[in-house]
Amino acid sequence: DTGVSQDPRHKITKRGQNVTFRCDPISEHNRLYWYRQTLGQGPEFLTYFQNEAQLEKSRLLSDRFSAERPKGSFSTLEIQRTEQGDSAMYLCASRMGASGETQYFGPGTRLLVL
Amino acid sequence: AQSVTQLDSHVSVSEGTPVLLRCNYSSSYSPSLFWYVQHPNKGLQLLLKYTSAATLVKGINGFEAEFKKSETSFHLTKPSAHMSDAAEYFCVVREPGFQKLVFGTGTRLLVSP
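Here the protein sequences line up with chains L and E, keeping their order. The working numbering puts the first residue of the first sequence at 38, with every later residue one more than the last. The working numbering puts the first residue of the second sequence at 1070, with every later residue one more than the last.
Treat the hints as calculated values from the structure; they're not laboratory data. Hints are all accurate, no fakes.
Here are the simulated PhoX-like pairs of lysine-lysine, each with C-alpha atoms no more than 20 Å apart in a straight line: (1) E:K1137 <-> E:K1118; (2) E:K1127 <-> E:K1138; (3) L:K94 <-> L:K108; (4) L:K94 <-> E:K1169; (5) E:K1137 <-> E:K1127; (6) L:K48 <-> E:K1111.
Coverage of chain E stretches by chain L, computed from C-beta distances (three or more under 8 Å per stretch; other residues unrestricted): (7) 1109-1123; (8) 1170-1181.
By construction, the Cβ of each residue, glycine as well, lies at the ideal position given by its N, Cα and C atoms.
Only chain L is shown next, with the shape it has when bound in the complex (with noise of 0.2 Å):
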């Protein structure tokens, strides 16, 4: 399969904890995306990677998250301090660069902040 991949599919944690994501993108993609969907709501954007670089974080992204591309590949999306309110889908994405419109999504990574 060379579609998006996301791991792990499913977290379940404690209120206080911290959780990592990591997404794995289309292997010749150079931008990456994370975004957010909550229950009965369309995703929201979160952030945005060209290569390495973070180029672009929504409001929506406090100071307890924080993503990280460190070589231009996967990239990971850390929790700091889970709140229940973080219970959500979080999704990546993934596209060529300039001449490619289309963003390709992975299956995302439901957690769960008991």
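For chain L, the structure is supplied; the task is to place chain E on it using the hints.
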């Protein structure tokens, strides 16, 4: 600011009848518009996209959408619904110069036998 309004949270049709999912957008510029579908426990899949070429866009699985600038609409249609079309559908806008996609709240399509 760019935004999308999906006018129906749920649409119910019978198998074999036409499908219409409505979407209106707001954008200061000539946007790119998309429809994505989300089946349970599966990732978002692109159905079709409009990027300032032909206003009638054909997508996968028999879906199509028409860009109407005067009405700021991008409604999704299919002549004949199939049971496998039951899913959540999202209308999405992206303005030139912006990276992020802005999603509507989604329309759940229910298809009955």
